[in-house]
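*Asks:* Chain by chain, the residues run as shown.
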Amino acid sequence: MRTADVLRFARDAAAGYPLRTSLSVLAMAIGVAAVVVLTSLGDGARRYVVEQFSSLGSNLVIVLPGRSATGGFSPANAMTSTPRDLTVDDAFALTRLPSVRRVAPLTAGNSEINANGRLREVVVAGTASTYLDIRSFKMAQGHFLPEADWSRGAPVAVIGAKIQEEIFAGRPAVGELIRLGDRRLRIVGVLKATGQGVGGLNTDEIVFVPVGVAQSLFNTNSLFRVLIEARSRGEIEAVKREVTAMLKARHGEEDITVITQDAVLATFDKLLRALTAAVAGIAAISLAVAGILVMNVMLVAVTQRTAEIGLLKALGARGATIRDAFLAEAAMISLVGALTGYGLGLFGAFVLRQMYPVFPAYPPDWAVVAALVTALGTGLLFGIMPARRAARLDPVQALMKH
Amino acid sequence: MSVIQLAGIERVFHLGDSTVHALTHLDVGIEAGEYVAIMGPSGSGKSTLLNLLGLLDRPDAGSYHLEGRDVTTLSPDEQAAVRSRRIGFVFQSFHLVPRLTAAENIALPMMLAGIPAAERAQRVMQALKDFGLDQRADHRPDQLSGGQRQRVAIARATIMQPAVLLADEPTGNLDRATGDEVIHLLEVLNQRGMTLIIVTHDPKIGTRARRQLMMEDGELRHDSAAAPLRSADDNPPSPLSGKGGDGVSPAAPAPDTPSAAT
Chain H
1 MRTADVLRFA RDAAAGYPLR TSLSVLAMAI GVAAVVVLTS LGDGARRYVV EQFSSLGSNL
61 VIVLPGRSAT GGFSPANAMT STPRDLTVDD AFALTRLPSV RRVAPLTAGN SEINANGRLR
121 EVVVAGTAST YLDIRSFKMA QGHFLPEADW SRGAPVAVIG AKIQEEIFAG RPAVGELIRL
181 GDRRLRIVGV LKATGQGVGG LNTDEIVFVP VGVAQSLFNT NSLFRVLIEA RSRGEIEAVK
241 REVTAMLKAR HGEEDITVIT QDAVLATFDK LLRALTAAVA GIAAISLAVA GILVMNVMLV
301 AVTQRTAEIG LLKALGARGA TIRDAFLAEA AMISLVGALT GYGLGLFGAF VLRQMYPVFP
361 AYPPDWAVVA ALVTALGTGL LFGIMPARRA ARLDPVQALM KH
Chain P
1 MSVIQLAGIE RVFHLGDSTV HALTHLDVGI EAGEYVAIMG PSGSGKSTLL NLLGLLDRPD
61 AGSYHLEGRD VTTLSPDEQA AVRSRRIGFV FQSFHLVPRL TAAENIALPM MLAGIPAAER
121 AQRVMQALKD FGLDQRADHR PDQLSGGQRQ RVAIARATIM QPAVLLADEP TGNLDRATGD
181 EVIHLLEVLN QRGMTLIIVT HDPKIGTRAR RQLMMEDGEL RHDSAAAPLR SADDNPPSPL
241 SGKGGDGVSP AAPAPDTPSA AT
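If you read the sequences in order, they're chains H and P.
Residue 121 in our numbering is what sits at position 121 of the first sequence, and the numbering runs on without skipping anything.
Residue 86 in our numbering is what sits at position 86 of the second sequence, and the numbering runs on without skipping anything.
Because the hints were derived from the structure by calculation, they are not lab data.
Think of the CB as a built atom: it goes at the ideal place given N, C-alpha and C, for glycine as much as any other residue.
The reader is advised that the hints may include incorrect statements.
Unchecked claim - Covered stretches of chain H (in silico footprint by chain P; criterion: 3 or more residues with CB under 8 Å from a CB of chain P, positions within the stretch not fixed):
| # | region |
| --- | --- |
| 1 | 245-251 |
| 2 | 315-321 |
| 3 | 393-401 |
Pulled out of the complex, with its shape left as it was, chain P reads as follows (with noise of 0.2 Å):
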C-alpha cells in the first residue's frame, strides 16, 4: 500500500495579475519506507510539492492519500492531529525555538500533543542518548554548533515516530562535513522504516536517494522509479552507519506500515 498517493493535484498562486502554476497534473505514489530526493531548479514547484505532503498547504484540484486516507478533506484540526502523529518536519535553517534548550526543542511536538510530562521526559532523554546529545540536553540553540542543531531538529521531528519524515534542503546551512553526517543520521532512519522525502537542488545529495523525482515549471519531468536513468541498485545506501565516530545511532521505530520499497 502507498503510504503517499497523490492524484491530479493542482496548485494555482495568484500574484497580482498573473497566475502562477506552481503543480499541475501532478500523480505520484511513494510506497512505506521509501528514500525519495525531489529534485529540480528553484521556483520547479519542489518547496509547494514538500508543502502539500506535511499538510500545511492546500492543492486547489486533486486528492491526496495518506495512508490511504484522504487528507485533503480533513478540517484544519484534524490536519494539525495528523501533522503532529504522522508526518515530520526537518527545515533547512533548523527552526529551533531560541528561547527553549535542546530537550525543550525535542519535547515541544509531544507538548503540544498533550502527552504527560513524565512520558515526555522520558523519551527525550531516550532521544537525546540516540542522537548523541546527551551532553547538549540542557543548551540552547545559540550554544549549539550547526550539526547539533539540525540533530535536534531531527530527534524532534521524529520523537512522535511519524510515517514521513519531511527534509527541506536538510543541509542547506552546513558545511560539507556535517552536512554528510545528517544525511547519513537520515538514511539510518530511512533504514529503520521511516519513509524519506528530501528536498534538494544538491545532485550529490539527492543521487544517494533510491529514487528521484525531478520538477521543473511545476511539472513532474522524471521519476526514476517509472523510468531509471540508471538502476537503482548501483547506488545503495552505503553502510555509514560505522563512519560517523559520533555515537549517532537513531532507533526510531518501525511505522507501523509494512515496509513495501522496492
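Next comes chain H alone, as it looks inside the complex (with noise of 0.2 Å):
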C-alpha cells in the first residue's frame, strides 16, 4: 500500500468517526495548550523579573568582604569565612579609579525606631548621598543624606515610603525626630515607594542614616557592601579589575568578592528557566494522559472495525500495511491535536497580556518544540499497541464480527 493511501485512509477513517475523534484531538490540545500557557507564564516571570532588576540601577557593581572560590553568585558567597574587614576607606579609595563613577558604601543592622509614640523593628541601612543615584531612587518628601564627610555623618536619617505610613500614618515626616537605638536622628527625607524587594529587604522598609552614624550605632568599622557604579556597561569588567587590583594592594591579599549585576542577572535567570522547565514537566503529564486517550480510543476503533479488519486481511492486506494505517490514524490525531493546541496555548498567552500589559507572557520557543514533539511522541507510542493488536487480529474471527 502506498504511503498516500495509508495516509488518506487513516484520514477517512479518523474522519469517519466524528465524536469519537474530536474529543481525543481536544485531550491532546488541552495537554499542548497547557504547556504553552504555562511555560508562558513561568518564562514571563523570568523576563519580568530580568526587567526588574535592570531598572535596580545601570552598571552597578558590588563588592563584599570575604574571597569566593567560585565565580557566580550564591547565598554561601555572602558568608565567607575569615575576610578581612572591608573599611569606609577602602570604599573611599575606590572612588579615585579610573573607571568609577560612584562610590556607596554600604552597612546594615537591625534596630528599633521609635517616633510618634510607636516602635517598630527596622533595618538600618547606613550609606552616603550616591547611594540614590547608584540604585535610581526617588525621593517623595525632602532630600536624600546629605553629602558629607563620611567617616562622621549629620544625625539625619531619610526612611521608606512603608515606614513613613507606619509610623506617621501618611503624615508629611520631614523635620520629624526619631529615636533609633540610643540616637535621635532628624528625618531630613521620605524615599518613593518601589515595591521592589530583591534580597529579602523591601526598601521601603528602611531606615537610611550616614555611613558614619550606623557605623556607630551597631559599634562596628566594616562594611556590609560597597556599591559602585561603572561610568558605562562597556567599563564594568575595567571597574571589576581594577577594584579587585585596589583591594589587593590595600589588603595585601585578594580577599573580596566582585560581582557585577549581570551575575546575579544571570543567576535569578537560570533559576527562573529551572522553574519554567518545572511548571513544563508538570504540564507534560497532561500530555500523557492525552496519549493514553489516544490509545483508548484507539483500542476502541480497533474493536468496532474488528470486521473492516478482517475484511483488509481477505482483501490481501499484510500486517504490517494494517498496523501502519492505524498508526497513522494515531498520529494524525496527535498532530492535529498538537497543533489545535499549540493555537490555543497562543491564544491564552496573548489573553493573559492583554490582562496584565507588564507581563511578557510568551513561550519559549524549546517549550513549543517540546510540547509537540511530546504529543506526537506520545500519540505515536500510545499508537503502537493497538495498532499491533489490529495486526494481529485473526482474519477468520473478525470477519464473523458484523
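Starting from two chains that each stand alone, build the complex the way the hints lay out.
*Replies:* Right, here's the structure in full:
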C-alpha cells in the first residue's frame, strides 16, 4: 500500500467517527495548550524579574568582603570565612579609580525605631549621598542624605515609604525627630515607594542614615557592601579588575569578592528557567494522559472496526499495512491535537498579556518544540499497542464479527 | 492441472476441554474454470473449508497446492500476497466498508496492492460499467440496495482478476429475485473462465453448480464429480445472460491457467 494511500485511508477512518476523533484531538490540544500557557507564565516571570533587575540601577558592581572560590553568586558567597573587613577608607579609595563614576558604602543592621509614640523593628542601612543615584531611587519628600565626610555624618535619616505610613500614618515626616537605638535623628527625606524587594530587603521598610552614624550605632568599622557604578556598561569589567587590584594592594591579599549585576541576573535567570522547565514538566503529565486517551480511542477503533480489519486481510492486506494505517490514524489525531493546542496556547498567552500588560507572557521556543514533539511522540507510542493488536487479529474471527 | 489440490487436510478446534474435528481426511482437487458448490448442514465444516481455500486459516495437517504451489508453508505476508492477487472473496453480509463509496470499495484491493491511483481509477470505471453500477459510483453502501451492494462486493472480489472466486452464502441476505441475479452474475464470470466455489445450504443454488461437494461432520460425504448422482450434463448453465435487463455483463478476463473444466 502506498504511503499516500495509507494516509488518506487513515484520515477517512478518523473522519468517519467525528465525535470520538474530536474528543481525543481535544484532549491532546488541552495538554499542549497547558504546556504553552504555563511555560508562557514561567518565562514571563523570568523576563519580568530580569526587567525589574535592570531597573535597579545601571552598571552596578558590588564588592563584598571575603573571597569566594567560585565566580558565581550564591547565598554561601555572602558568608565566606575569615575576611578582612571592608572599611569606609577602602570604599573612599575606590572613588579615585578611573572607570568608577560613583561609590556608595553600605553597612546594615537591625534596630528599633521609636517615634510619634510608636515602636517597630527596622533594617538600618548606613550609606552616603551617592546611594540614591546608584540605585536610581526617587524622593517623595525632602532630600536624601547630604553630601558629607563619610567617617563623620550628621544625625539625619531618610525613611522608606512604608515606615512613614506606619509610624507617621502618612503625615509629612520631614523635620520630625526619631529615636533609633540610642540615637536621636531628624528625618530629612522620605523615599518614593518602589515595591522592590530584591535580596529579601524591601527598600520601602528601610531607614537610611549616614554610614558613620550606622557604624557607631552598631559599633563596627566594617562595611556590609560597597556599591559601585561604572562609567559605562562597557567599563564594568574594567571596574571589576581595578577594584580587585586596588583592594588587593590595600589588604595585601585578595580577600574580597566582586560581583556584577550580570552575575546576579544570570543566577535569577537560571533559577526561573529551571522553574519554567519544572512547570512544563508538570504540564507534560497532561500530555501523557492525552496519549493514554488516544490509546483508548484507538483500542475502541480496533474493536469497532474488527470486521473491517478482517475484510482488509481477506483482500490481501499484510499485517504491517494494517498496523501502519492505525498508527497513521493515531499520529494524525495527535498532530491535529498538538497544532490545535498550540493555537489555543498562543491565544491563552495573548489573553494573559492583554490582562497584565507588564507581564511579558510569551512561550519560550524550546517549550513549544518540546510540547509538539511530546504530543506526537506519546500519540505514536500509545498508538503502537492498538495498531499491533489490529495487525494480529485472526481474519476468520474478525470477519465473523459484524 | 488442478488449480486447487487438497491432500490429507485436517483442521481441529479446541473448545475448552473438547476437540472438534472441523475437517478430517480431506482430499479434493478442483480444476481451473470449475463451478463447485460446497453444501451441507451448519457445522459440517464447509465454512472452515472455504477459509482454508482462501488462506484465511491454516490446516493442522495436510497440504494445499494453489496453481501448483504449496501455499500452506508460506509466511503470513506471502499468503497475504496470494490472497491479494489470486483469490477473490464474496461474503454473505457483503462486508463493504461503510464510510467508503462504491467506487472506493471496489478500488480497495488495488489500493492495498499498491497499484497507482490513475490505473485504479481506470479499472474501477470499467468495473462500474461492467457491473451496471456507473450511476452508483459515489454512493455509500447504506445508499445502495442489497443487490447493488453484492454487485459492488463481486466487482471488488474480481478487480484483481483472481484465479479463484470464493463465495460464502452470497445470496443469504438477498431476496429470491436479487439472489438469482447475483448467482447469474457469478455464473457469467465462471463462463469466462474464473474458477467459482460457492458455499451454500440452499439446494436450489447448489444444484445449479456443475459439481457438488457434500460435507458432513468435517468429512466429504459425496463428490458429484467422483460419483455423479445424475449426469452433470442435465444441468447446463442456463443462458441467463440475455435475461437480466440490468446491463449486467461482466468482462472479467480468463485466468491465465488454461481452462480444464469437465
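*Asks:* It remains to establish, for every hint, whether it holds in the given structure.
*Replies:* How the hints compare with the structure:
1. 245-251: Since 0 is below three, the answer is violated.
2. 315-321: With 7 residues closer than 8 Å to chain P, the region 315-321 of chain H meets the three-residue bar; holds.
3. 393-401: holds (count 3)
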